[in-house]
Amino acid sequence: MTEMTPDQPMPGASATPADPRGATDGPLVRVEGLYKVFGPDPRGVLDQVKAGRSKADILAETGHTVGLKDINLTIDKGRIYVVMGLSGSGKSTLIRHFNRLIDPTDGRILIDGTDVMALSPRELEQFRRHKMSMVFQRFGLMPHRKVLDNIGYGLQVQGVPRAERLAKARHWLEAVGLEGYEGMYPAQLSGGQQQRVGLARALCTDADILLMDEAFSALDPLIRSEMQDQLIALQEKLHKTIIFITHDLDEALRLGDRIAILKDGELVQEGAPVDILLRPATDYVKAFVKDVNRARALTVDTVMKPPSHRITAETIGEALEQMKGHKGDYGYYFNDDGYQGVVSQKALEEAARADANAPLNEAHWEDSPAVTTGDLIEQALPGTLDAEYPLAVLDENGELVGQLPREALAEVLTYAEEVAAEDPEKPTETAKV
Amino acid sequence: MAETSWLHEIPQMDRGDLLTIRKTLDGLYRDFSRAYGETIESFFTPLLRFLVWFEDLLISSPWWAVLAVIAGLIFAATRSWKLTVGAVAAFMLIGYFGMWEHTMQTMAIILVATLMAICIGIPVGIAMARSDRVQTIATPILDVMQTMPAFVYLIPVVMLLGIGKVPGVIAVVVYAIPPVIRLTNLGIRLVDREVMEAATAYGASRWQRLVGVQLPLAMPTIMAGINQTIMMALAMVVIASMIGVKGLGQPVLKSITNQYFTLGLLNGLAIVALAIIFDRVSQAYAKRSQAHMGGPAHD
Ligand SMILES: Nc1ncnc2c1ncn2[C@@H]1O[C@H](COP(=O)(O)OP(=O)(O)OP(=O)(O)O)[C@@H](O)[C@H]1O
Ligand SMILES: [Mg+2]
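First to last, the protein sequences are chains U and G. Just so you know, UniProt numbering puts 352 at position 352 of the first sequence, and the rest follows in order with no gaps. Just so you know, UniProt numbering puts 200 at position 200 of the second sequence, and the rest follows in order with no gaps.
No wet-lab data here; the hints were simulated from the structure. Please note: incorrect hints may appear among the correct ones.
Away from chain G, derived, C-beta distances all over 12 Å, residues of chain U [stated by the list, open to error]:
id	residue
1	G52
2	T62
3	M117
4	H130
5	M142
6	A202
7	D213
8	R296
9	E314
10	A356
11	G383
Computed spacing ranges between beta-carbons, pair by pair [unchecked claim]:
id	chain 1	residue 1	chain 2	residue 2	range
12	G	K82	U	R162	36 to 44 Å
13	G	A35	U	P121	52 to 60 Å
14	U	R122	G	L73	42 to 50 Å
From a predicted model like this one, the values you see are computed outputs, not experimental measurements. Positions of the beta carbon are idealized from the N, C-alpha and C atoms, including for glycine.
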């Protein structure tokens, strides 16, 4: 894949901070009490589903498949919202409700305040044209249209004049790194290139919401991680609301601002990636997360502890004074040049015996590396193991926001084995609880 | 004796009753054709005019002009010199053996019948693809149309419209139309579900989906249907000559009644030649226009 834009981060290098963009613009999509039953008489079976009978029972007795069961969720504007679950858990069914490729059996779907079920056929067409676009698992490209015409399809449907349509399509063609391929047919491209065409087609209509149904699942791992990077890079510029479906937790952790986990059509947990990873709600989720390499999935800020004292004193005496108020026998020394190192109470007391009014200098603090909030635990690990004191955690501006004791790392990194040891044979029997 | 006869013979309707039924039905239909025959005939006058005009055009134009146009069309459609030269040679031979005029008449009726079959068949096929109900109703009708001996439905057509070109064309169309309908339906139903979902998801209307996605993607299958329709129309030409359709079928008919083996063989071979030319040309055209859809393009 030589046509990747060169300025992209290396695969694996981009972490997913817990809360990357601060406050949001509020909810954009809201799903309330959504049920979907497949079969000849969905409404007739709905009561049984609502009464809480299991998917398997209902299938055995009535021949109806429960696709979704009482889904409630809110998706904030400008975020990447990942829906996860095993095969058959209802992910595709859920995402197809947002643009009404599937109609719900019961419940409401509000997009930007509009109830999509209330739309007339004409309104629905307009809504699909302007509000949302979709990337499909098996690409869904039109084999009889050239790449450029595929990318411009949404605009053509909208009736945008040819010249304008082609100009925009060309822009997105280049944005996904496919220049030179505009005149080819989809069948002449590789899978990764076809998926890029799918992505460009979705971006070309400039809709607010991007639906991506296992968009990268059909790709090999290398191209897949390239595409993930590309999506992250694009999202940094575009701030779309992306609903992304995957059955791969690593992908979910990498892309998601929030993650929802589905099982047999039910939402079993919803939360920030760290929550899912550190506080799995059910055994099903535990089984899901146990194989994740946490050192590579979590960032420092998710495990750091509140910081110990920040020492800014000029003299040894003042420094001891500052340290007194807190428990602990060390502090992080900051001067005008920012973080310098760790000072220990013992060393200070020794120095104070000589001259308490002497200025604090390099001789009094120990060099100890600092880590920043966005660093992966993997990156912080060597420093933590070497250092005598917990590492200081700084934010992007160099301010002290926390500290990273060895125990905190040990806690998150050993958690996985703990789960595995607790009950070895899952998820099948335990997950039902 | 009379009580046990059903053991030896299948229970049969009373001959008298059967006769009454036949008479009543025939009578009803005869009354119908007397009452409406002329209206229906006048409905078909434009078709007749067009057919006559086209036949005249083919016959009265100089042979080399007709041949040049045919060669030009074949080359434009197939880009194959081999096919073009082969077709021209075949037409020259046909002319050399004195069958030019009959061949032109047959071509005229085949082309008109095929056009009609396409104009009617594709919309019907689309309707079938749209609705399972329509498909359930239409499928047995198509089965009957394809298996009912052609002679049988010549009868009502002749009763209604008499003998001549128009009933001939209608008979040919009825016989030859099922493949276009069936394969249009099949082709549309086979269009990839995710491609259709994509069109819907981007807000395409029904019409935009039909014209922009379904028909183009179904085209290879529809083309195969058209090809079969042409072949069936050619096969029908001999039978249709029984009700006054001029062309290669008439000499064949004459040879049967008079036992002229060579005459029959020559005209039969001319029909075969036409069939092969139509078949190869339409297939080459279909292949060429769909080259990009399967794999790497050839051009
Ligand atoms: N059109 C349909 N008719 C009947 N049942 C359906 C239909 N579509 C989906 N289902 C059922 O709904 C359930 C959820 O299917 P869905 O396609 O949403 O799963 P998924 O999570 O997307 O799985 P995958 O990862 O394999 O794509 C399955 O049990 C499936 O059998
Ligand atoms: Mg799916």
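(message) Need the list of violated hint numbers for this structure, in ascending order.
(response) Hints 4, 5, 6, 7 and 13 are the ones this structure does not satisfy, whereas the remaining hints hold.
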